[in-house]
Amino acid sequence: DGGITQSPKYLFRKEGQNVTLSCEQNLNHDAMYWYRQDPGQGLRLIYYSQIVNDFQKGDIAEGYSVSREKKESFPLTVTSAQKNPTAFYLCASSIGGRITDTQYFGPGTRLTVL
Amino acid sequence: AQSVTQLDSHVSVSEGTPVLLRCNYSSSYSPSLFWYVQHPNKGLQLLLKYTSAATLVKGINGFEAEFKKSETSFHLTKPSAHMSDAAEYFCVVSEDNYGQNFVFGPGTRLSVLP
Numbered sequence: 001d002g003g004i005t006q007s008p009k010y011l012f013r014k015e016g017q018n019v020t021l022s023c024e025q026n027l028n029h030d031a032m033y034w035y036r037q038d039p040g041q042g043l044r045l046i047y048y049s050q051i052v053n054d055f056q057k058g059d060i061a062e063g064y065s066v067s068r069e070k071k072e073s074f075p076l077t078v079t080s081a082q083k084n085p086t087a088f089y090l091c092a093s094s095i096g097g098r099i100t101d102t103q104y105f106g107p108g109t110r111l112t113v114l
Numbered sequence: 001a002q003s004v005t006q007l008d009s010h011v012s013v014s015e016g017t018p019v020l021l022r023c024n025y026s027s028s029y030s031p032s033l034f035w036y037v038q039h040p041n042k043g044l045q046l047l048l049k050y051t052s053a054a055t056l057v058k059g060i061n062g063f064e065a066e067f068k069k070s071e072t073s074f075h076l077t078k079p080s081a082h083m084s085d086a087a088e089y090f091c092v093v094s095e096d097n098y099g100q101n102f103v104f105g106p107g108t109r110l111s112v113l114p
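Heads up: the sequence lines are chains A and B, in that order. The opening residue of the first sequence carries number 1 in the numbering used here; numbering runs sequentially from there. The opening residue of the second sequence carries number 1 in the numbering used here; numbering runs sequentially from there.
Keep in mind the hints are simulated off the structure, nothing from the lab. Keep in mind that the hints are not guaranteed to be accurate.
Once the Cα atoms are required to be at most 27 Å apart in a straight line, the calculated BS3-like pairs of lysine-lysine come out as [said to hold, decoys possible]:
{"no.": "1", "chain 1": "A", "residue 1": "LYS9", "chain 2": "A", "residue 2": "LYS83"}
{"no.": "2", "chain 1": "A", "residue 1": "LYS83", "chain 2": "B", "residue 2": "LYS42"}
{"no.": "3", "chain 1": "A", "residue 1": "LYS71", "chain 2": "A", "residue 2": "LYS9"}
{"no.": "4", "chain 1": "A", "residue 1": "LYS57", "chain 2": "B", "residue 2": "LYS42"}
{"no.": "5", "chain 1": "A", "residue 1": "LYS14", "chain 2": "B", "residue 2": "LYS42"}
{"no.": "6", "chain 1": "A", "residue 1": "LYS83", "chain 2": "A", "residue 2": "LYS57"}
{"no.": "7", "chain 1": "A", "residue 1": "LYS57", "chain 2": "A", "residue 2": "LYS14"}
{"no.": "8", "chain 1": "B", "residue 1": "LYS58", "chain 2": "B", "residue 2": "LYS69"}
{"no.": "9", "chain 1": "A", "residue 1": "LYS14", "chain 2": "A", "residue 2": "LYS83"}
{"no.": "10", "chain 1": "B", "residue 1": "LYS49", "chain 2": "A", "residue 2": "LYS57"}
{"no.": "11", "chain 1": "A", "residue 1": "LYS71", "chain 2": "B", "residue 2": "LYS49"}
{"no.": "12", "chain 1": "B", "residue 1": "LYS42", "chain 2": "A", "residue 2": "LYS71"}
{"no.": "13", "chain 1": "A", "residue 1": "LYS70", "chain 2": "B", "residue 2": "LYS42"}
{"no.": "14", "chain 1": "A", "residue 1": "LYS57", "chain 2": "A", "residue 2": "LYS71"}
{"no.": "15", "chain 1": "B", "residue 1": "LYS58", "chain 2": "B", "residue 2": "LYS68"}
{"no.": "16", "chain 1": "B", "residue 1": "LYS49", "chain 2": "B", "residue 2": "LYS68"}
{"no.": "17", "chain 1": "A", "residue 1": "LYS57", "chain 2": "A", "residue 2": "LYS9"}
{"no.": "18", "chain 1": "A", "residue 1": "LYS70", "chain 2": "A", "residue 2": "LYS57"}
{"no.": "19", "chain 1": "A", "residue 1": "LYS9", "chain 2": "B", "residue 2": "LYS42"}
{"no.": "20", "chain 1": "B", "residue 1": "LYS49", "chain 2": "B", "residue 2": "LYS69"}
{"no.": "21", "chain 1": "A", "residue 1": "LYS70", "chain 2": "A", "residue 2": "LYS9"}
{"no.": "22", "chain 1": "B", "residue 1": "LYS42", "chain 2": "B", "residue 2": "LYS58"}
Pair ranges (Cβ atoms, derived) [unchecked claim]:
{"no.": "23", "chain 1": "A", "residue 1": "LYS83", "chain 2": "B", "residue 2": "LYS68", "range": "39 to 49 Å"}
{"no.": "24", "chain 1": "A", "residue 1": "LEU114", "chain 2": "B", "residue 2": "SER30", "range": "45 to 55 Å"}
{"no.": "25", "chain 1": "A", "residue 1": "LYS14", "chain 2": "B", "residue 2": "LEU46", "range": "32 to 42 Å"}
{"no.": "26", "chain 1": "A", "residue 1": "ILE60", "chain 2": "B", "residue 2": "SER80", "range": "33 to 43 Å"}
{"no.": "27", "chain 1": "A", "residue 1": "ARG98", "chain 2": "B", "residue 2": "GLU71", "range": "20 to 30 Å"}
{"no.": "28", "chain 1": "B", "residue 1": "THR17", "chain 2": "A", "residue 2": "PRO8", "range": "32 to 42 Å"}
{"no.": "29", "chain 1": "A", "residue 1": "LYS83", "chain 2": "B", "residue 2": "HIS39", "range": "28 to 38 Å"}
{"no.": "30", "chain 1": "A", "residue 1": "PRO8", "chain 2": "B", "residue 2": "LEU46", "range": "22 to 32 Å"}
{"no.": "31", "chain 1": "A", "residue 1": "LEU27", "chain 2": "B", "residue 2": "GLY62", "range": "19 to 29 Å"}
{"no.": "32", "chain 1": "B", "residue 1": "SER30", "chain 2": "A", "residue 2": "ASN28", "range": "21 to 31 Å"}
{"no.": "33", "chain 1": "B", "residue 1": "THR72", "chain 2": "A", "residue 2": "LYS14", "range": "45 to 55 Å"}
{"no.": "34", "chain 1": "A", "residue 1": "SER67", "chain 2": "B", "residue 2": "SER80", "range": "41 to 51 Å"}
{"no.": "35", "chain 1": "B", "residue 1": "GLY16", "chain 2": "A", "residue 2": "LYS14", "range": "47 to 57 Å"}
{"no.": "36", "chain 1": "A", "residue 1": "SER7", "chain 2": "B", "residue 2": "LYS68", "range": "34 to 44 Å"}
Where a beta carbon is used, it is the ideal one built from N, C-alpha and C, also for glycine.
Chain A on its own, in the form it takes in the complex:
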């Protein structure tokens, strides 16, 4: 089955630690995205990538980093510089980045900082 997988489903981190969230897709999509979801705020874009080895900051990129070494993979690192990292993180992909392209979402990772 084609789709997007995110792991782990739940993640706990101590303050001051970096942590990496995995996102893999086998849809052969060029574009991939990371969103953060907080209650009552919808989704906010952290980073996006249109092609391999290229990525751009979204609205709330501070304290996060990404890489796009392979088409199917777009891992997100939450660094210790992110002041309020506890949230639900969603990865998405689309065929391209056109306004008509549907974004397909993974199941999400819930990160809790202890």
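Starting from the structure of chain A, add chain B where the hints point.
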């Protein structure tokens, strides 16, 4: 720049009665519009999308939405609510070609009472 307003943070209906979830958007160009549904601790699933074809769009699970340019609205409706419809619904506008093209509304939580 585009923006999305979802007028109700919470809507409660009885099973078997109609559902109306309201969405208004702001866009400088001809946007694409989407409705996504999210069940608890899950990723987002596409319900339907408008991409400048027919203004009345039919989606999955009996939902439909009508694009009204004069009212800048894209309200989501369903004739008869089912218990399984209880979830969070997000209206999304997409305007810019490439990049940060998805802007999410804050979401409307739908409760369905027996």
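Problem set entry | Straight-line alpha-carbon gap LYS14(A) to LYS42(B), limit 27 Å | 24 Å, holds
Exercise. Between LEU114(A) and SER30(B), is the Cβ distance one that fits in 45 to 55 Å?
Worked result: 47 Å, holds
Exercise. Would the pair LYS42(B) and LYS71(A) pass a check requiring their Cα atoms to be no farther apart than 27 Å?
Worked result: 24 Å, holds
Problem set entry | Whether the CB-CB distance between SER30(B) and ASN28(A) falls inside 21 to 31 Å | 28 Å, holds
Exercise. Are LEU27(A) and GLY62(B) spaced within 19 to 29 Å by their CB atoms?
Worked result: 26 Å, holds
For this session: Compare the distance between the alpha carbons of LYS57(A) and LYS14(A) with 27 Å, and conclude whether the hinted pair is satisfied.
Result: 25 Å, holds
Exercise. Given the hint that LYS58(B) pairs with LYS69(B), does the C-alpha gap stay at or below 27 Å?
Worked result: Holds, at about 17 Å.
For this session: Compare the distance between the alpha carbons of LYS57(A) and LYS42(B) with 27 Å, and conclude whether the hinted pair is satisfied.
Result: This hinted pair holds, its Cα atoms lying about 25 Å apart.
Exercise. Are LYS71(A) and LYS49(B) close enough, with their CA atoms no more than 27 Å apart?
Worked result: 26 Å, holds
For this session: Sort out whether LYS83(A) lies within 27 Å of LYS14(A), counting only the CA atoms.
Result: 12 Å, holds
Exercise. Would the pair LYS57(A) and LYS71(A) pass a check requiring their Cα atoms to be no farther apart than 27 Å?
Worked result: 18 Å, holds
Exercise. Given a hinted range of 22 to 32 Å, is it respected by the beta-carbon distance of PRO8(A) and LEU46(B)?
Worked result: 25 Å, holds
Of the numbered hints stated above, none is contradicted by the structure.
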